[in-house]
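The sequence shown begins at 833 in the working numbering and counts up one residue at a time.
Read the hints as simulated data drawn from the structure, not as lab findings. A hint or two may mislead.
[As the list claims (entries may be wrong)] With a straight-line Cα cutoff of 25 Å, these simulated SDA-like cross-link-like pairs (lysine to any residue) come out:
(1) 888 x 838
(2) 888 x 837
(3) 888 x 869
(4) 888 x 841
(5) 888 x 876
(6) 888 x 877
(7) 888 x 840
(8) 888 x 842
(9) 888 x 839
(10) 888 x 844
(11) 888 x 874
(12) 888 x 878
(13) 888 x 836
(14) 888 x 846
(15) 888 x 845
(16) 888 x 875
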Amino acid sequence: MNLPRFALFAVLAAMPVLANAGWMPVMTAVPTLSELGLIGLAAGVGGFGAWLISRKK
């Protein structure tokens with residue numbers, strides 16, 4: 833795996849964590865369904881992007 837592809841993979845893999853950290857200040861003690869949905873969407877997009885990059889040759 834070359835460096836640019838690895839860097840992109842690392843950024844995409846970190847997206848769900850960054851999205852979760854960005855939503856933490858506005859979250860209540862119990863996250864609402866919409867907040868959980870946004871975090872799940874960010875995790876899904878990051879995971880899908882990482883999967884696409886990992887299968888490219």
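Practice task
Could you tell me which of the numbered hints above are not met by this structure, giving the numbers in increasing order?
Solution key: 3
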